[in-house]
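**Student:** Model the full assembly from the supplied sequences, consistent with the hints where possible.
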Amino acid sequence: MENFKIDVDGDGIALVTFDVPGRSMNTITGSVMRDLAKIVETIKTDDKIKGVVFNSGKASGFCAGADLGELNERGAGEASAPKSEEEKLKAQFDGSFTLNKTFRALETCGKPVAVALEGLALGGGLEIALACHYRVAADNPKIKFGLPEAKVGLLPGAGGTQRLPRLIGVQNAAMMILQGADKSPQEAKSLGFINEVVPVGKTVEAAKAWVKANPKAVAPWDVKGYKVKDNPYSPGGAMASVGGNAMVSKQTNLNYPAQRHILSCIYEGTQVPIDAALRIESRYFVKTANTPQAKGMIRSLFVSMQALAKGANRPQGVPEYPVKKVAVIGAGLMGAGIAYVQAKAGIETVLLDVSQESAEKGKAYSQRIVDKDVSRGKITKEKGDEILARITPSTDYGLIKGADLVVEAVFENPALKAEVTKKAEAQLAETAVFGSNTSTLPITGLAEASARPANFIGIHFFSPVERMGLVEIIMGHKTSQETLAKAIDYVLKIKKTPIVVNDFRGFYTSRCFGTYTTEGIEMLSEGIAPAIIENVGRQCGMPMGALEVSDSVGLDTALKIGRQMAEAMQQDHSKDPRGALLAWLVEEKGRVGRKGGKGFYEYGEDGKPTRIWPDLSQKIDVKVKECPPALKEELTKRFLFRQCIEVARCFEEGVITDPRDADVGSILAWGFAPYTGGCVSYIDLFWGAKKFVEEADRLADKYGERFRPNKLLRDMAAKGETFYDRFGAKKAA
Amino acid sequence: MAEAYIYDAVRTPRGKGKNTGSLHETTSLSLATQALQAIRDRNNLDTSKVDDVYLGCVTPIGEQGSDIARIAVLNADYAETVAGAQIDRFCASGLEAVNIAAAKVKSGEAGLAIGGGVEAMSRVPMGSNGGAWASDPTIAMKTYFVPQGIGADTIATKYGFSRDDVDAYAIQSQQRAAKAWKEGRFKKSIVPVKDQLGVTLLDHDEHMRPDTTMQSLASLEPSFKMQGEMMPGFDAVIQQRYPEMERINHVHHAGNSSGIVDGAAAVLIGSKEMGDALGLKPRAKILGGASIGSEPSIMLTGPEFVTKKLLDKLGMTTKDIDLWELNEAFAAVVLRWVQALDLDMDAVNVNGGSIAMGHPLGATGAMILGTMVDELERSNKQRALITLCVGAGMGTATVIERVN
Chain Z
1 MENFKIDVDG DGIALVTFDV PGRSMNTITG SVMRDLAKIV ETIKTDDKIK
51 GVVFNSGKAS GFCAGADLGE LNERGAGEAS APKSEEEKLK AQFDGSFTLN
101 KTFRALETCG KPVAVALEGL ALGGGLEIAL ACHYRVAADN PKIKFGLPEA
151 KVGLLPGAGG TQRLPRLIGV QNAAMMILQG ADKSPQEAKS LGFINEVVPV
201 GKTVEAAKAW VKANPKAVAP WDVKGYKVKD NPYSPGGAMA SVGGNAMVSK
251 QTNLNYPAQR HILSCIYEGT QVPIDAALRI ESRYFVKTAN TPQAKGMIRS
301 LFVSMQALAK GANRPQGVPE YPVKKVAVIG AGLMGAGIAY VQAKAGIETV
351 LLDVSQESAE KGKAYSQRIV DKDVSRGKIT KEKGDEILAR ITPSTDYGLI
401 KGADLVVEAV FENPALKAEV TKKAEAQLAE TAVFGSNTST LPITGLAEAS
451 ARPANFIGIH FFSPVERMGL VEIIMGHKTS QETLAKAIDY VLKIKKTPIV
501 VNDFRGFYTS RCFGTYTTEG IEMLSEGIAP AIIENVGRQC GMPMGALEVS
551 DSVGLDTALK IGRQMAEAMQ QDHSKDPRGA LLAWLVEEKG RVGRKGGKGF
601 YEYGEDGKPT RIWPDLSQKI DVKVKECPPA LKEELTKRFL FRQCIEVARC
651 FEEGVITDPR DADVGSILAW GFAPYTGGCV SYIDLFWGAK KFVEEADRLA
701 DKYGERFRPN KLLRDMAAKG ETFYDRFGAK KAA
Chain X
1 MAEAYIYDAV RTPRGKGKNT GSLHETTSLS LATQALQAIR DRNNLDTSKV
51 DDVYLGCVTP IGEQGSDIAR IAVLNADYAE TVAGAQIDRF CASGLEAVNI
101 AAAKVKSGEA GLAIGGGVEA MSRVPMGSNG GAWASDPTIA MKTYFVPQGI
151 GADTIATKYG FSRDDVDAYA IQSQQRAAKA WKEGRFKKSI VPVKDQLGVT
201 LLDHDEHMRP DTTMQSLASL EPSFKMQGEM MPGFDAVIQQ RYPEMERINH
251 VHHAGNSSGI VDGAAAVLIG SKEMGDALGL KPRAKILGGA SIGSEPSIML
301 TGPEFVTKKL LDKLGMTTKD IDLWELNEAF AAVVLRWVQA LDLDMDAVNV
351 NGGSIAMGHP LGATGAMILG TMVDELERSN KQRALITLCV GAGMGTATVI
401 ERVN
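Residue numbers (our numbering), protein chains in the order written: chain Z, 1 to 733; chain X, 1 to 404.
Each hint should be verified, as a subset may be incorrect.
Taking CB as the label site, the calculated pair distances span [as the list claims (entries may be wrong)]: (1) Gly192/Z x Thr143/X: 33 to 39 Å; (2) Lys625/Z x Thr318/X: 22 to 28 Å; (3) Glu63/X x Val272/Z: 25 to 31 Å; (4) Met569/Z x Thr318/X: 55 to 61 Å; (5) Pro210/X x Lys625/Z: 35 to 41 Å; (6) Pro629/Z x Ala168/X: 33 to 39 Å; (7) Gly127/X x Val272/Z: 19 to 25 Å; (8) Lys83/Z x Thr143/X: 31 to 37 Å; (9) Met345/X x Lys625/Z: 53 to 59 Å; (10) Pro141/Z x Ala168/X: 55 to 61 Å.
So these bits of chain X aren't anywhere near chain Z, every CB distance computed over 10 Å [claimed, not checked]: (11) Glu3; (12) Thr27; (13) Arg40; (14) Asp46; (15) Arg70; (16) Met126; (17) Thr138; (18) Lys182; (19) Lys225; (20) Glu273; (21) Asp276; (22) Leu280; (23) Val348; (24) Ser379; (25) Glu401; (26) Asn404.
FYI, nobody ran anything at the bench for these hints, they're computed from the structure.
Ideal Cβ positions, reconstructed from N, Cα and C, are used throughout, including at glycine.
**Tutor:** What follows is the structure, given as structure tokens:
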């Protein structure tokens, strides 16, 4: 047995220490599962063992759950080439039920079993603990206990959906599992899934004492006559189940099968004895793991995010670039936010603007965030003061001296940017990096102002900087690999996720994101009722309705960009119904969007939208006033396909090259329906290139060439390739 | 095929459906028993000729559980040979019981049958029998389950009925019911409820508020706003099925929705032959009945579709119907039905309805059918269509024709 150590003491209590070799954290792998089964057999059959205490050999905690990387590779227990679909499902069930079977055998071994938790227990780790008769935790508020599976589109498949509701009540358990929420030892004790909290270092002692005192322990649900008291047809449970269904419907828009299946596990499982309940859970686990949602979410939100956060797309062979001092030029909303995240990450920050007043105003942004965090107890006053002390607001470019990197965040004006570039470079060391935070201007053009274009790179932040996890790094034609590595080191240091793209108009994120809003305005100009556009947009998984997003961006901005693009393509923008609509709104009605308090929506004093502007009907002849399911499905496709086709074009043009960047970027930058795992996974997992191309062709025939699949997609369809086959392998090689 | 004739129809008065209601001390069994006994006694009926008794009951648990129809037959001292079955088609159970009885007669399986219903809502609370639809995530999410009130508010929003519109309708219901009682229009059917000693407990519908005004209704808070907009947020659920709804206008409240009450009803249905043999005089003929399903989340638009279905089946148009009766589950349900079928409000629910008098779930269908039998006779009209909106999107309807 490689993952566990067993020591039986003089009282006959076996201390089973969980310690996976060569890893800093215990996770449940195939080998751990096999070991656990053997241990349970030993416990059961060895007469010398009178009781058991589990603990961990790791300082990092007890166990962080299943190895999602491994699960991602092998799928949900896919066995060797079974014949029929039904046989495949049976094999998957057997695989998935293994752990439930082992834990159930542990629970019914006839001897008392306790667990001593000195550190975190998450997912399968907590499920081992729940299958013990007694749980002791160390009194350390930093320890986390939780079942986070739902966050990556899965459900707890080793008894969590059954034992937790039986221990802490259906409603509490449902909330915890649906949200994947963590609890501290004290919270867990008051909820009722930790029995005892003792001082740090004393858990084994306390667990042994309990085992000694309770030689005949059984789980509460194995006591004769046990019933789940708040089951869905009990007086107390009925409202919870009805309300729970509605809340999950509302929160997920029915896009996330994991949440629905968690509710089903609880609903069905609490009506039957535990053994039947565990079988039900395992069936739903398989059903969930087989969904494209689970596959996409595990890959993008867990595996790829982790890889990118570790610098997966950083060129190798460049030594780590220690970023200690960074100057931010331009103390507007973006610059101020960048200054804050840098200072928080321990970087000495110079915040420059044209006047001292503007620079101070930029620093005040950090002051507000720090004050809030201090007042909420999220950080100490000292820590807050340290962050603020790292930011020096000034007008003096001389302070740039000694900076490892400059982030330029001035207005989107090439001449201004050129001037700033020259002034800043005059102060910079030859090895330092110059980053431009532009969302639209081509980097190669901006780099023309630079004496060292190899050191010039795009570092595109998203607003609000302190909340948005992504940074889009843009390679100019002359940007060096070394500069890229340095920029990635900077982004990782400020704890953001970097994606790397090449220099084309709109780069990756702005370009693809824009298609969502234009498709919305397209629908509006076709005469589809605005409420339908907005509701379907949100319901298909986008964070806001397309018209609301347009209002946030600014209708004047949208009009300007539209005109620029029309000019570039030598078209008459006013003849385009979308262009005419925007021109009417902005120039005749003065509706510029949220910033002006009126756009497609009306806004209240708090700046929140109150309702869609009813007089839109002056310009729009609303022809489609009802939205039956078939239309909803069609509009959903239009919204999602439109964005995905643009992503496919970005691959073909070389704007983006790594499907992980594309998927993670689409979710983090513009909130593309997260349940899909991102734009690329939507094509790969939900459709497959062949079907996607067929459907896109149909949409193109019906709604316009913007839906027409490109050569790349057709080629992939012909070869039966996925994006991850075609572009992922190259990266891994 | 034989014709099915209505020989008699009775109903109890409706008691307020709470523990202060006059019928709260009367068991469901007693209510059903008294209705069945009235049918027997008023007609001097040889009960051994009755083949079957169908009673609608929507909450068949506790004292209403385990086939209350057969148990009531035994308690009413009917002949032992009379069978009984409890019927659940939610709010149309009472009418469905009548339709089944009529169908049995028409098919020849029964010569004489009773259709009716019972619901003691003060004693067996609505919804206390559970059910998969709202609770099981599989079906709740598949069909966008929301409570009926949210569906009713959605109907009001979608078809353009304001709070004033629904309140004005509620007042009309109160005024028509008050007038009908004053003029004795229910006299023929009402069977006062007796207590354990045989003393009269209730002889009138006690839920009515004839003094209701627009002002008094205006002070009532909408009943479904909280659960729609906040917890658990049913509006967002129904918007998933109806994305065209920018928001839901919550207009319904206790004053413009059907009242919660206790009551029972029974309708005696038989073939011509059987009536002749027993010396019974037919009052009306059942021309046909039908049920239908429609979109379940909005839930209450079924009457429009079942009305069309039944009229088509009978080869009729709306012009062939003199009186219309739709259960007043919620004001907007009636307003939408009238709008969709372009009916004359003067011929709709002429004696008021459930908003004024209450809706004893399982019994209402049989009660309002009886109301129409009386009204056709009183106003010397020929044909009436009776319908109810039904949970999960259904609708049930019956067309009757006066024969004397």
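**Student:** So, for every hint listed, does it hold in this structure?
**Tutor:** Checked hints:
no.	hint	verdict
1	Gly192/Z x Thr143/X: 33 to 39 Å	holds (34 Å)
2	Lys625/Z x Thr318/X: 22 to 28 Å	holds (26 Å)
3	Glu63/X x Val272/Z: 25 to 31 Å	holds (28 Å)
4	Met569/Z x Thr318/X: 55 to 61 Å	holds (58 Å)
5	Pro210/X x Lys625/Z: 35 to 41 Å	holds (40 Å)
6	Pro629/Z x Ala168/X: 33 to 39 Å	holds (34 Å)
7	Gly127/X x Val272/Z: 19 to 25 Å	holds (23 Å)
8	Lys83/Z x Thr143/X: 31 to 37 Å	holds (36 Å)
9	Met345/X x Lys625/Z: 53 to 59 Å	violated (26 Å)
10	Pro141/Z x Ala168/X: 55 to 61 Å	holds (60 Å)
11	Glu3	holds (41 Å)
12	Thr27	holds (22 Å)
13	Arg40	holds (38 Å)
14	Asp46	holds (44 Å)
15	Arg70	holds (25 Å)
16	Met126	holds (12 Å)
17	Thr138	violated (6 Å)
18	Lys182	holds (42 Å)
19	Lys225	holds (15 Å)
20	Glu273	holds (47 Å)
21	Asp276	holds (50 Å)
22	Leu280	holds (45 Å)
23	Val348	holds (26 Å)
24	Ser379	holds (39 Å)
25	Glu401	holds (37 Å)
26	Asn404	holds (47 Å)
Checked against the numbered hints above, the structure violates hints 9, 17; every other hint is satisfied.
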